[in-house]
Amino acid sequence: MEKTNKKNPLEGITKEKTQELVEKTLDLYTEKARAKRAPHMSANDPEDSGCAIRSNRKTVPGVMSARGCAYAGAKGVVWGPIRDMVHVSHGPIGCGYYSWGTRRNLVDGTMGVDVFSAMQFTSDFQERDIVYGGDEKLRKICDEAKELFPLTKGISILSECPVGLIGDDINAVAKNAAKDLEIPVVPCNCEGFRGVSQSLGHHISNDTIRDHIIGTREFAEPIGDYDIALIGDYNIGGDAWASKKILEEMGLNVKAIWTGDGQIEHIAATHQVKLNLIHCYRSMNYMAKVMEEKYGIPWMEFNFFGPTQIAKSLREIAAQFDDKIKENAEKVIAKYTEPMQKVIDEYRPRLEGKTVMVFVGGLRPRHTIGAYEDLGMKVIASGYEFAHTDDYDRTYPEMDKGTLVFDDASEIELEKWVEAMRPDLVASGVKEKYVFQKAGVPFRQMHSWDYSGPYHAYDGFPIFARDIDMAINSPTWGLVKAPF
Amino acid sequence: MEKTNKKNPLEGITKEKTQELVEKTLDLYTEKARAKRAPHMSANDPEDSGCAIRSNRKTVPGVMSARGCAYAGAKGVVWGPIRDMVHVSHGPIGCGYYSWGTRRNLVDGTMGVDVFSAMQFTSDFQERDIVYGGDEKLRKICDEAKELFPLTKGISILSECPVGLIGDDINAVAKNAAKDLEIPVVPCNCEGFRGVSQSLGHHISNDTIRDHIIGTREFAEPIGDYDIALIGDYNIGGDAWASKKILEEMGLNVKAIWTGDGQIEHIAATHQVKLNLIHCYRSMNYMAKVMEEKYGIPWMEFNFFGPTQIAKSLREIAAQFDDKIKENAEKVIAKYTEPMQKVIDEYRPRLEGKTVMVFVGGLRPRHTIGAYEDLGMKVIASGYEFAHTDDYDRTYPEMDKGTLVFDDASEIELEKWVEAMRPDLVASGVKEKYVFQKAGVPFRQMHSWDYSGPYHAYDGFPIFARDIDMAINSPTWGLVKAPF
Amino acid sequence: MSEQCAVKKVTEITTEEVERIKEWINTEEYKEKNMAREGLVINPAHACQPLGAQLVAHGFEGTLPFVHGSQGCASYYRSAFNRHFREPAPAVSDAMTEDGAVFGGQNNLFEGLENAYTLYHPKMIAVFTSCMPEVIGDDLTAFIQNARNEGHIPADFPVPYANTPSFNGTHIHGYDPMLKSILNTLGGDKKVEGKDNGSLNLIPGFDACTGNYREYKRYMKAFDIPCTLMADISDSFDSPLTGTYNPYPGGTPLEDAADALNAHATIALQQYSTKETMKWFSANTDAPVETLPMPIGVKKTDELLMKISELFDKPVPQELIDERGRAVDAMTDAHQYLHNKKFAIYGDPDWLLGVVSFLLEMGARPYHILCSRSNKKFKKTMQELLDTSPYGADCNIWINKDLWHLRSLCATDPVDALIGDAHGKFITRDLGIPLIRAGFPIMDRVNLHRYPTIGYQGAINLLTWIANTFLDQVDVTCEDRNFEMMR
Amino acid sequence: MSEQCAVKKVTEITTEEVERIKEWINTEEYKEKNMAREGLVINPAHACQPLGAQLVAHGFEGTLPFVHGSQGCASYYRSAFNRHFREPAPAVSDAMTEDGAVFGGQNNLFEGLENAYTLYHPKMIAVFTSCMPEVIGDDLTAFIQNARNEGHIPADFPVPYANTPSFNGTHIHGYDPMLKSILNTLGGDKKVEGKDNGSLNLIPGFDACTGNYREYKRYMKAFDIPCTLMADISDSFDSPLTGTYNPYPGGTPLEDAADALNAHATIALQQYSTKETMKWFSANTDAPVETLPMPIGVKKTDELLMKISELFDKPVPQELIDERGRAVDAMTDAHQYLHNKKFAIYGDPDWLLGVVSFLLEMGARPYHILCSRSNKKFKKTMQELLDTSPYGADCNIWINKDLWHLRSLCATDPVDALIGDAHGKFITRDLGIPLIRAGFPIMDRVNLHRYPTIGYQGAINLLTWIANTFLDQVDVTCEDRNFEMMR
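Protein chains in written order, with the numbering used here: chain A, 1 to 484; chain B, 1 to 484; chain C, 1 to 487; chain D, 1 to 487.
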């Protein structure tokens, strides 16, 4: 698996070699830890899913995991991006502080006036709150939030670890506050110790949206045949704006976005739409299913990374509608074909045959594969931070035979694999970024788009291509080895 | 003459002591140089001008003089500030380069479009220009200037040393160019080697204005009884704007400014005004006299530094006009009395009894005395870079007995005097600034207002007071002596 | 929410409402309401204890920080460092989950220690806690002893540990117990009566500026005095890119740290983040133990150098005297750009004292001084500092306030610039006031943490940033007629 | 002007005319006219020879620069340095006037030398010329000999001198003959056959960044190789404020300079400002004489270190290897902020080659490269450098052009930023393009000359200034919805 100037990026990658690498990696562990980790990694075989990866298990203590917690899933992913609410990190200071401004879920509006996502609200628990309980303080917080931010459309209360341990009743506080303040006040028991990763935070948040929000509003205007909701787009670097743009160009009305640049009343009226389009399956498939069951709204997955997948998705979405939309979809695809080809013509020659190792969360480990392929690159290893079995089932067919598929990797595993497989790019998170750059390996943060973006849809692909190129081909890599 | 916390800043200053200091200073020199320098410095006696300072003589070779040259006087002072002309530094690259943007003669307008003062135009002489002459190039330059800057109202040609040495005929070139381009093209033989200081540059420039400009335009509107010209205000840091403001507040019409923020056609029509007000006597008294002789325009000196002198000057100016103007002058004075008193109340307690040594050019060595006195300070030594006898005649009465008056000081003299007299502030130029700051003595650049200003008129005094205070009382002076 | 009322329609906020509130939040009335807040904290200027503990851990040779608690905590601390330093921040957690709440975290700790030791080959594992074990009352002393007894880690392997509850104090308060524990673990029993190893223990306190650590070392080299710089993160968080990843570059040598009680003297350079550690020194050694102010600005740097000079009976090196003179020169030359300018400053207490001292030296006015978690003692100390200078008159000290308070203060009683970490950028955007970035964290600019803010060069750096920010502003905002070559 | 026509009325330029021309000067048509200029030079990016000679003179121990020519010249050179360094620049002139044009300047020189020697107690007087004596053909060699003969200066007092006509070349071309003359005067006859004093002569070339000189000395200290840094202005133009003025702080020790021909090797770090000096070395010593590129950016710094290592058979010190790695780390971390960004750069040829090399290392595009006085050789050298990188493709080299040309180029074919001295600020104002200040002179910001731009730390400094300028710009110009905490 040495790095060569191969044009075929898969050359030398076989199931056997990869499995051998897996074994060598597992040798790093104690017997006990080895047994725990072994089922989480495997050489892929798209035709034989018997190799199923185990997932959604507790992280092995003492390894260097990339995972966050339930609170992170609730604050950072589901609730935080809803722009017109005050999201209170309920508990000690840290959780809210660290998650403040670090997920790039952009919003439209005026901060502190009608949108609040870029702000950090917390109850800043002190010792006395732990001892005597924080319910009274919480109530005061709700009142103060409403007083200081009169345009807020609601309040979410995102519990941190202590809240669940000291027996506070945030549900009761929330209920009373909602009544008195006449806005939704949503208690969310997303304590960080719950579950094995941020994934449970998504689920708990979904539950609270289901219980407190969905169906509590109706759109002011009549419902149309082309009304849809965009589910699981968090508007990282403007992703949702890019996605919304082409959906609207093909004639659909995006009535609500869950939850990037989200508005709580629109989310509350989502039960009226005709179709739920789900991008990040992991974080929100459950809600799509709930809406299907309860309101009969069909849903479908799609993929807006790279022109090939975008075109495919646009056609699949259009297939849910009438001929007008189908024609529109073709027009949209046609309109963007040339500009996308220009992007490919510019960057593919510089990226052809390059290989990528992906380790991120949500939808990206499989959804970005096509975008890399549009640039002539191959994903030779892909893993999820907090996936479930259904994620892996959707991944095997996308990955080539012999490539590595893995779950909740610890940093030492990644190091081992990168050393052996020498990908031209590692696409992972900020905690991994500088590790691999120190090792001389090009890297892009693929949670935050490395402070760039959008990467979604046609607006996103040229930026994605440019960024991948600059990461891999930056001349700074030529400086790493000193000549002395 | 040790520094004490005296409230009387003149305490300990006597003619005898000062004369003794002068002698000690002269001891630094060789016999020959001593003989040359001795007549240039003296203890002042306001009642006995027998102590007349010798001035306007050649600088002693090998001393560190602050003086510039005739070119500097022409480019930096007289011609440069005229905003709507292209001023060509004719000769090698340096003179124009060093004088570019370093005199703060501010202008209104759009640079490179209708105003050009902030730009640097040069013929950048090369060896071949020295050998073969630069006249042909000069003509090309005039054509190019007119082509690239079609709104230019004229061109001045400011000769540098080589031009006068190689026998170029810039007068002929200018005459032809003026004819062809239909704008004034003014040749100015201000080569740096001419005369003993920038003073001759002022004079030569005045001559060229007299010969080429004055009387060539008339104002479009009828002449009024209150039309005046402001002569010798170069708008350093906006001085002329501040001066113009209060002159207009008292009902006068400032038809032309020489030459700060100056417009050549207005200058050309100055012969129509009713009174010439002259601030910088040194650089422009000659022109006032010319206009008096040729056009019968009366002129008067005035002083816009500090509220005492401003009020005095406003009354003296008003005395030249009718009762309306006299009443207006009183109104203006009344209007500003309280704000000026507030400035004095704020800063005088911090500056009372502080002493100043002044060494600058033009009008400032005598004109700023009153402004310091308004702040409770005393000028204990004052000197001019390039004055003439008439400047000194105007200075003796303004200075206290026993204070030091001097001419064209060399840096080593200043060092000696500062060491002995320990002024609380030295007010001189950029070449001196860092010398005295290194010695731990507060300093303000008093050519450029140290990048602050304006200092003229009522707008200027609060800024002057603030600046003097911060220079003297900056806590950084408390850091100079290390505690170890 | 389950009431049977008619479902309401989706409403949109009108432009008028937005405009009205946008103006309102800048008013005095709003400020009063805002300052009266008792429960809600908005945009705080501080993080939690474990972050400080982790910083300390990164600062020791071969040391792996180990979070006893939820795994998400570790991810948060790590990424906070990643973003500020743009460097790796290797740390593990023992990933406690629900069952930890029931049974305690001992098993997680056992397994975690064993795995961490096996996988990452540390020379030391520094354990500290996040909220969960603090709430449920895990007994780290017992757990770690048990871990040794049961063979999860070797009997003599150093595992210092600190209780760092997030619901108490801030990141600076986690620094202290972790450092104390490390020193006690390594060298608590190594005091040799009468021994003086001739070196200085220098304790920077919580400081995320790698340039400062390098500067301290350079100073000590100039003095030619051996120095154990404690929790030295200068290489840990500023390591060369060579093509080979090393999880433990640099750090205070464990051997040196173990000999700390035999040092000639100990100096702490922050008082609020080192109290416990300094008590420990005082209790365990007769050598001089001094707590000095953070050496920001000329005077506080002088204080440090004089103290070192006194303790070691060595003159201040000429090299540093010259640097001092150059700093004073730069400050004098630029005083007019800062004189009487008003600043809002927010951050940790020791850092604030330093920056305020520097501003007063410049004749600038530290007009709003905000420390988000502090106490009356700090307020008093700061007031005393302000009282030393006329430029401190009428300045305001705000404790236990946050950046949303500061926004109101700056909206109603404006300043010329803010100085603080990146979180202040929203204030600067809203109010059009420039932000001079210093402190922790800075995740929106590059390299600033590489430049010292302490010492004489630090004074020049601060001065450069501040003065040139104002000069940039003049050049951008002035009218055409005031756009000039010289400033 | 004396024609007898009717006197015209004063006219005012209309707003419409102003608007029309304001647009016109940004057009392609205007650019064409502007680029076709043959005579007029507008806003040049270079000064004249004597300035370079004076810089050299300031860089030697106890040396008084002496301008043979008009006194105004000396005032101009001095104030140019005062403004850039915010430091004294003591220099004298012999104040030639009209009679000099007639009789030559010998008497002025005599009197000047005598007075300067008496008043300022220099250890050496370095004489150089301004225009006037060059035009009239003063014979310095004879004059100075006569001055000695007639006792105006002691017979053995060193008075190096250089002809530095302002109508030839630029300030960098005055550096060369003055340096050569000083070295020749002090040590031209001191070559001892077979002697090797073990040191390196290091010649920076014209460089007004005091930080660079300190960095060179630090590097040599790290190598532990004795070094004579020629024309070392680091203390002359960055001296401590102590309350006592010293006109000659620092400078290259005359004794060391006198032994230059016995050095182990000589390295010049600029090729365009040191040609004559290097020829003199080659002609007078058999020791290695090398001209290297100015060490800006990683690769050019590598070149210098490798050469030193080779010449002295010493490994590159680990300290510098680590610094290199840290610079590469910083550059890698920040590459995305510079990648493919277009720059306009103007300045001296060697400096330009260095900055271009650095930009190419960052994947940035040095799009307009302007050297106001240079030649085809420079253009070729620069083109060869551009050709080494894909980021150099389509970049433009402009020689013998000025900043008004550059304005047209940037108006019609824009860049993301300018890099150069303060004189570029009008372009940045007019076109809304940020200026990263580097080079000489910078008279509108403080302290920038204290920060090295050479070496690995210099690369970090340049990177910091450039990247953070772009990040500032993003934060100021972005829409509200793109205003973010992280960048």
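These are calculated hints, taken from the structure and not from any lab test.
Beta carbons: idealized from backbone N, C-alpha and C, even for Gly.
Be aware that one or more of the hints could be misleading.
[Stated by the list, open to error] Examples of chain A residues lying across from chain C (beta carbon under 7 Å, computed):
(1) Thr14
(2) Lys15
(3) Ala33
(4) Gly62
(5) Ser65
(6) Pro92
(7) Glu127
(8) Val131
(9) Tyr132
(10) Phe193
(11) Ile344
(12) Trp477
Hints and how they fare:
1. Given the 7 Å rule on beta carbons, the hint for Thr14 of chain A is violated: about 27 Å separates it from the nearest Cβ of chain C.
2. Contact between Lys15 of chain A and chain C, as hinted, is not supported at the beta carbon level, the nearest pair being about 26 Å apart and thus beyond 7 Å.
3. With its C-beta approaching chain C no nearer than about 5 Å, Ala33 of chain A sits inside the 7 Å limit, and its interface hint holds.
4. At a threshold of 7 Å, the smallest CB-CB gap from Gly62 of chain A to chain C is about 3 Å, leaving the interface hint in force.
5. A cut of 7 Å between beta carbons decides the hint on Ser65 of chain A: the least distance to chain C is about 6 Å, and the hint holds.
6. About 4 Å separates the beta-carbon of Pro92 of chain A from the nearest beta-carbon of chain C, less than 7 Å, and the hint is met.
7. With a least beta-carbon distance of about 5 Å to chain C, the hint placing Glu127 of chain A at the interface is held under the 7 Å criterion.
8. This hint is violated: Val131 of chain A has a C-beta 10 Å from the nearest C-beta of chain C, more than the 7 Å allowed.
9. Taking 7 Å as the C-beta contact cut-off toward chain C, the hint placing Tyr132 of chain A at the interface is violated, the least distance being around 12 Å.
10. The beta carbon of Phe193 of chain A is positioned within 7 Å of a beta carbon in chain C (closest approach about 5 Å), and the interface hint is therefore held.
11. At a threshold of 7 Å, the smallest CB-CB gap from Ile344 of chain A to chain C is about 31 Å, leaving the interface hint violated.
12. For the restraint placing Trp477 of chain A at the interface with chain C, the shortest Cβ-Cβ distance is roughly 9 Å, beyond the 7 Å limit, so the hint is violated.
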